[in-house]
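Trainee: Listed below are the residues making up each chain.
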Amino acid sequence: MIEARNISKSFGDKQVLKDITVSFEPGKTNLIIGQSGSGKTVLMKCVVGLYEVDKGEVDYDGRIYSSMKIKEKREIRKELGMLFQGGALFDSMTVQDNVMFPLNMFTKQSFKEKLDRVNFCLEHVNLEDVNDLMPSELSGGMIKRVAIARAISLNPKYLFCDEPNSGLDPMTADHIDNLISEITKRFNMTTIINTHDMNSVLNIGDNIAYIHKGQLWWEGNKEIVMRSNNKELDEFIFSTELTKRIK
Amino acid sequence: MFRHFGGYLILMRQVFRRPDKSKVFWKQLLVEMQSLGVDSLGIVAIISIFMGAVVALQTAFNIDSPLIPAYTVGFTTRQSMIFEFSPTVISLILAGKIGSRIASEIGTMRVTEQIDAMQIMGVNSANFLIFPKIVAAMVFNPILIVISMFLGVFGGWLACITSGLISSQDYIHGIRSWFDPFGITYAMIKTITFAFLIVSVSSYHGYRISGGALEVGKASTKSVVYSSILIIIFNLLLTQLLLT
Numbered sequence: 001m002i003e004a005r006n007i008s009k010s011f012g013d014k015q016v017l018k019d020i021t022v023s024f025e026p027g028k029t030n031l032i033i034g035q036s037g038s039g040k041t042v043l044m045k046c047v048v049g050l051y052e053v054d055k056g057e058v059d060y061d062g063r064i065y066s067s068m069k070i071k072e073k074r075e076i077r078k079e080l081g082m083l084f085q086g087g088a089l090f091d092s093m094t095v096q097d098n099v100m101f102p103l104n105m106f107t108k109q110s111f112k113e114k115l116d117r118v119n120f121c122l123e124h125v126n127l128e129d130v131n132d133l134m135p136s137e138l139s140g141g142m143i144k145r146v147a148i149a150r151a152i153s154l155n156p157k158y159l160f161c162d163e164p165n166s167g168l169d170p171m172t173a174d175h176i177d178n179l180i181s182e183i184t185k186r187f188n189m190t191t192i193i194n195t196h197d198m199n200s201v202l203n204i205g206d207n208i209a210y211i212h213k214g215q216l217w218w219e220g221n222k223e224i225v226m227r228s229n230n231k232e233l234d235e236f237i238f239s240t241e242l243t244k245r246i247k
Numbered sequence: 001m002f003r004h005f006g007g008y009l010i011l012m013r014q015v016f017r018r019p020d021k022s023k024v025f026w027k028q029l030l031v032e033m034q035s036l037g038v039d040s041l042g043i044v045a046i047i048s049i050f051m052g053a054v055v056a057l058q059t060a061f062n063i064d065s066p067l068i069p070a071y072t073v074g075f076t077t078r079q080s081m082i083f084e085f086s087p088t089v090i091s092l093i094l095a096g097k098i099g100s101r102i103a104s105e106i107g108t109m110r111v112t113e114q115i116d117a118m119q120i121m122g123v124n125s126a127n128f129l130i131f132p133k134i135v136a137a138m139v140f141n142p143i144l145i146v147i148s149m150f151l152g153v154f155g156g157w158l159a160c161i162t163s164g165l166i167s168s169q170d171y172i173h174g175i176r177s178w179f180d181p182f183g184i185t186y187a188m189i190k191t192i193t194f195a196f197l198i199v200s201v202s203s204y205h206g207y208r209i210s211g212g213a214l215e216v217g218k219a220s221t222k223s224v225v226y227s228s229i230l231i232i233i234f235n236l237l238l239t240q241l242l243l244t
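Top line first, the protein sequences correspond to chains A and B. Heads up: the first sequence at position 37 corresponds to 37 in my numbering, and the numbers run straight through without jumps. Heads up: the second sequence at position 46 corresponds to 46 in my numbering, and the numbers run straight through without jumps.
Calculated directly from the structure, the hints in this document are not laboratory data. Don't take each hint at face value.
Each computed BS3-like pair below joins lysine-lysine, with the alpha-carbon atoms no more than 27 Å apart [to be verified]:
#1 A/Lys71 - B/Lys21
#2 B/Lys222 - A/Lys112
#3 B/Lys21 - A/Lys73
#4 B/Lys97 - A/Lys114
#5 A/Lys71 - B/Lys23
#6 B/Lys23 - A/Lys69
Source: prediction; values computed, not measured.
The shape of chain A in the complex, shown without the other chains (with noise of 0.2 Å):
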């Protein structure tokens, strides 16, 4: 389980992060959700050690990582995946040098054992014989399962995900949702999602925090996140003419 307790971060005079205090859990997919410029990446970034907290700290089972020093924050990182929202794939290397990039770093695996697992992964993501291709030459959704595939090599503990579905169309869009989700089950990852996409939330969301003007404004799951009575919540998830029809 991964615990953020009393989180609050600001750039310069802005305060973006207010007195957070938010608990992920292990073998479920838990969505951060709000709007644009509400503080979800932040948290996301605050929580991972890409940003260091102003105040409160981050916890990862019992471990306080948040003071911990670069050296062993660097250990708790190697438990770590992360899917950036445009797939951050390394531009100079092909797909399976892309995912086979942890394992070169962290293993001292054969290069047999190393193609396996590459393989493995690309094939948990619906990918075949793409292992010679450059990230130029892939799409939208296919950068995303890549991306994925280099966040689950090295069998990690948790797994977050930067808006995993933007820019890619509805379908495209629910198989990297189920896909990760079917991921967090199968390995017991605890998996946090960064997302505004409502039918992620619908989908997949088994535990959802609202993030509002930078505080945690409401916390459940898809069965109840339609019928909370928060007003903000409730603006934010009926804006679309879909939802509101649904309503």
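Could you slot chain B onto chain A? The hints should help.
Mentor: Quick look at chain B alone, frame taken from chain A:
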């Protein structure tokens, strides 16, 4: 200014760490030697030949007195190439070529979150990206400069015999006269220092950017400007230190 210098020192502290995996480091080093060194051979060769030719011709045209022997042209060309043109001018050219390449490569990796991805994996991104570049440039730039010296002297010879200003024997006699090996040592010290400055300053500008494509362009320009200025300053300092 002090903020930048502090940031630069902090980055260098991260860079000069033991690589996470030595096998990966050696592989990266070869890749960087290819892209920063071997790929620069063409431009270094062309500039050196023409530079040597111009120095030889200008020297020959400016020697009016019959008291000055003809072989002075060869001697002057050799000294100019070894002491100044090869180490300094070629380093300035490389600051433009490899400096902008490094800043834009690392800058693009920063804005597309590739560096964040490395850090999340627990990789020391500064060490992984910058250290092999610094080592590659410090090892390969001296080779480029030695090649430049030979090609410059050859360019001078070619210009002399094709223009008929002085004979081949006089030119060769000139380039063999009063040779002091310390000139090579001085040139190598300058080259290695400049190589470090070019790569580290360019990497710093690429690594610290935030924003988008516009920032990458700005970082690329800044890296060339700052490394060129530093080359000029260190050229003076090292000359003062080593030759006086």
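Trainee: Please go over all the hints and tell whether each is borne out by the structure.
Mentor: Do the hints match the structure? See the list:
1. A/Lys71 - B/Lys21: Since the Cα atoms of lysine 71 of chain A and lysine 21 of chain B sit roughly 15 Å apart, the hinted pair holds (cutoff 27 Å).
2. B/Lys222 - A/Lys112: Distance ~44 Å between lysine 222 of chain B and lysine 112 of chain A Cα, so the pair is violated.
3. B/Lys21 - A/Lys73: The given pair, whose Cα atoms are some 18 Å apart, holds under the 27 Å limit.
4. B/Lys97 - A/Lys114: Violated. Lysine 97 of chain B to lysine 114 of chain A sits at ~36 Å, over the 27 Å cutoff.
5. A/Lys71 - B/Lys23: 21 Å, holds
6. B/Lys23 - A/Lys69: At roughly 26 Å apart (the allowed maximum being 27 Å), lysine 69 of chain A and lysine 23 of chain B satisfy the hint.
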